[in-house]
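Trainee: With the hints as a guide, bring both chains together as one complex.
Residue-level listing of the chains:
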Amino acid sequence: MADAFKNWQCRTCGYIYNEADGDPMEGLAPGTRWADIPEDWECPLCGTPKSDFDMVEL
Amino acid sequence: MSAELDIPKEFAETIVDPKAYAEEDHLQEVFTKLRADNPLGIARAEGFNPFWAITKFDDIQHVEKNNELFHNGDLATTLTTIDADKAVREMMGGSPHLVRSLVQMDNPDHRNYRMLTQNWFMPQNIKKLEVRIREIARTFVDRMADYGNECDFARDVAFLYPLHVIMEILGVPESDEPRMLKLTQELFGAADPDLNRTGEVSENTEEGVGSVAETVAEFMEYFNAITEDRRANPTDDLSSAIANGTINDEPLDHFAAMSYYIIAATAGHDTTSATTSGGIWALCENQDQFAKLKADPGLIPGLTEESIRWVTPVKHFMRSATADTELRGRKISKGDWMMLCYSSGNRDEEKFENPFKFNVERMPNKHVAMGYGAHVCLGQHLARMEMNIFFEELFARLESIELAGVAKRMEANFVCGPKSVPVRFKMA
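Line by line, the protein sequences give chains A and B.
Those letters in the first sequence? Residues 5 to 62, by my numbering.
Those letters in the second sequence? Residues 624 to 1051, by my numbering.
So that you can see chain B by itself, here it is in the shape it has in the complex (with noise of 0.2 Å):
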């Protein structure tokens, strides 16, 4: 990796910072400026082994494209120091990952286990669950309502109804959903101190590795009586998909199967929530998109797709290069780790006119924030009929909301939304 191709050194800081989502301002101004000036450029942030930071939209869809080309789980899927890196191989055995899901999956494991529930996530099947998730949304529009006129949007209500969805597919009792809940946070809010585990900050350190992996083995305590239950008392749930499955007339890994499920249960409602959050508040801060929704909820489609690309909750994921190869005529050797700045990739000048509007009308509006190519989001069909049934219910009976104090993201370089959004508003 040639020096001459690096990026300044404290945009590389930036870049890996959770701080900087938190804020998100200054690091989309960095972003901006290595799209402009050095669109795919090599990052060395102290701690960190030096990577290629991708931010440009077609750059990020050819990497997502090419998945024999440029592999998930060779190296770290999230960004790791040197120092956590090192703690997980050791806990791991070699492996620089503590859970082994779709997302750590290359071919052919990766098509075969994908493959276990992909019909189960298709349109045509979860259609089925339309009229139950409608019931689910309408539940949570009528606590916001009895909250008065102010709740904290994000906790009140976002954090906890794609939760309520999707526990009650993979069969979690109501009663355990705070705990599935805190679990979450902890694994996605590692470097919050509001949220990890230990109210610290102590992600990417040997310390920071081993509270996460607390909340790992936790996660899998807890699956592992579902799946003894689904084994016993299979239903056409998705844990019993999960639980019965088999790959070449084998029975599922057990640690593969453990986390099948955790990635169903944390990425399966965090990103939903934040998305859900992240675009009331961008609505609470661009009252024309409001009263265009209330004058036309034809337009709520548009509103769930522009949240999406707002917000934009996966921040990056890694990959590596698996043989020499040329991109955006920079020459990527072999093992060469790359990271997809999906905030970058949405707000690229060259896709989307006015990037930096919230636009519930944009169109059109293909953005990277599913990620693209065989790792695609599993559960897209599912998070945008979520949020499009919310915000119908609520958009119905919604008369006014505006924000009623200072709304915070959580500090998370990978998965990160609003951590609260304080609101007031008038319902119907």
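Isolated chain A (complex conformation) (with noise of 0.2 Å):
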């Protein structure tokens, strides 16, 4: 069984990727887990790297 969808939060802004829903404003399809976006991706809201997110329980 495929592990459950986490989230993300991007430090600075807030912003949340959310597994299940991608984001597709950034080319991210639906089911798009966090370890396969690239590790140059930048949170589309404020720039901070991928690695100032952090995985959160909603």
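A portion of the hints provided could be inaccurate.
Stated by the list, open to error - Listed below are the simulated SDA-like cross-link pairs for lysine to any residue, each with C-alpha atoms no more than 20 Å apart in a straight line:
1) B:K750 / A:V60
2) B:K989 / A:V60
3) B:K750 / A:R15
4) B:K974 / A:D27
Claimed, not checked - Chain B is nowhere near these chain A residues, computed Cβ spacing over 12 Å in every case:
5) A6
6) F9
7) K10
8) D27
9) E30
10) G35
11) W38
12) A39
13) D44
Claimed, not checked - Far from chain B, some chain A residues (derived; all Cβ distances over 12 Å):
14) D7
15) R15
16) S55
In short, the hints are calculated from the structure, not lab data.
Nothing here was measured: the structure is a model prediction, and the numbers come from that model.
C-beta: ideal position from N, C-alpha, C; glycine also.
Mentor: Encoded structure:
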């Protein structure tokens, strides 16, 4: 069974990346896992690097 | 600053002119020409120190993101004449700022002061307010319906709904909301004789600075009482977070605390009001987009986002370079003053297809209206939630809407939006 989808949050602005929803505006299809997003990807709202996101429970 | 990089004098005068932001069309023509011919040029407007006019989306993001290289607080954070800057510095013991809020701060203060309320503004926290905000939105849709089939959407609805939300969040009683609205409009409409404290054109003069300082003092007096109350009776509201906040185990500096309230009590509603009324104005002029929304309410988040880009209620912020650097192949010297022209960035043809078309299906729609980098708007998630909820409640009942007169924007080059949007409508 696949792992449950997770949420990742930007420490600067609070943007939430939800793996289940993806982010079509960013070209990330629903179901795109955090690990599959390129390491040089940045927060779409403020430009914070991917490394400065935290996994959060919502 | 080499003269060969100057933008035409007439363009420089336009981009500092509050009236140009009210009329907008000519301003956008100027920005379009600048993006094409001299996207990072020097503006020399009468009465102002020279500054770089940054008109391209990518350059605005670059400056915003590099917040150690480009400071907010070293010089005036908004367009200020030499005379007004002198008057402010004389009044404030050498500081170029009448208030000291997050937008006037750099690190480490900016980080420390932002962290005080950051969690409060996170999506998972403001989601707790959703039910209450929906109740408030329904009240205002009902109020609009009570007008029959005509109202001034800006004055009768859009000014009041976000005001009520943020004042409830701050714990300001409803009876004081008219006073808060008036003070906000005096501050952001300081150049507009319909809105400012004196009823005359006086911004950016010594007299204008004095008038704005009186408004700031009135705000501070009001929020001082709120602070004392929340220190004695703390709750989990935003005012308590500010009143009881500590930095390095010390209570907040009083002036910074008062400034924190002021930014929340002004930017916390005026920008959302401007965007909401500007979005409705745009829909009145783009009935094809209204029809799409009626057919598919799932497009409402797109309406909110496009309204934010379209209105761009914060027209500019200033930055200054902390070291010599290069941008777009041009040498920026330490101490140079720079204007981030958000309205221009949000019409940048390299970033937005058909940028002068109001399009609720625009995708992607990454704009710079909320800023970028460490100073990105702290209240952006609240603002989006408020607008989405309001539009959901409105479109559930609204059958048609059109302009019923001439809509007008305020005269302001900093925070600017509609001051009147007369509409004729049918509601179920």
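Trainee: Check the non-interface label on A:S55: least C-beta distance to chain B beyond 12 Å or not.
Mentor: Its Cβ never comes within 12 Å of chain B, the nearest being 15 Å, so this holds.
Trainee: Taking the shortest Cβ-to-Cβ distance between A:D7 and chain B, state whether it exceeds 12 Å.
Mentor: At about 21 Å from chain B, A:D7 clears the 12 Å cut-off, so the statement holds.
Trainee: Classify the label on A:G35 as holds or violated, using whether its beta-carbon is more than 12 Å from each beta-carbon of chain B.
Mentor: holds (19 Å)
Trainee: Tell me if the straight-line CA distance from B:K750 to A:V60 falls inside 20 Å.
Mentor: Judged against 20 Å, a Cα distance of about 15 Å means the pair holds.
Trainee: Classify the label on A:K10 as holds or violated, using whether its beta-carbon is more than 12 Å from each beta-carbon of chain B.
Mentor: holds (14 Å)
Trainee: Would you check whether the claim that A:D27 is not at the interface survives, using Cβ distances to chain B and the 12 Å cut-off?
Mentor: Label violated. Min Cβ-Cβ 10 Å, cutoff 12 Å.
Trainee: Do the alpha carbons of B:K989 and A:V60 lie within 20 Å of each other, as the hint requires?
Mentor: violated (24 Å)
Trainee: Can we trust that A:R15 is non-interface, i.e. its beta-carbon lies farther than 12 Å from all of chain B?
Mentor: It is violated; A:R15 is separated from chain B by about 9 Å at its closest Cβ, not greater than 12 Å.
Trainee: Over 12 Å to the closest beta carbon of chain B is the bar; see if A:W38 clears it.
Mentor: With a cut-off of 12 Å, A:W38 remains clear of chain B, as the shortest Cβ separation is near 17 Å.
Trainee: Please confirm whether A:A39 is truly not at the interface, meaning its C-beta sits more than 12 Å away from all C-beta atoms of chain B.
Mentor: holds (23 Å)
Trainee: Say whether it holds or is violated: A:F9 keeps its Cβ farther than 12 Å from all Cβ of chain B.
Mentor: holds (16 Å)
Trainee: Please settle this one: A:A6 was flagged as non-interface, so is its CB more than 12 Å from every CB on chain B?
Mentor: holds (24 Å)
In summary, the structure is inconsistent with hints 2, 8, 9, 15 from the numbered list given earlier, while agreeing with the others.
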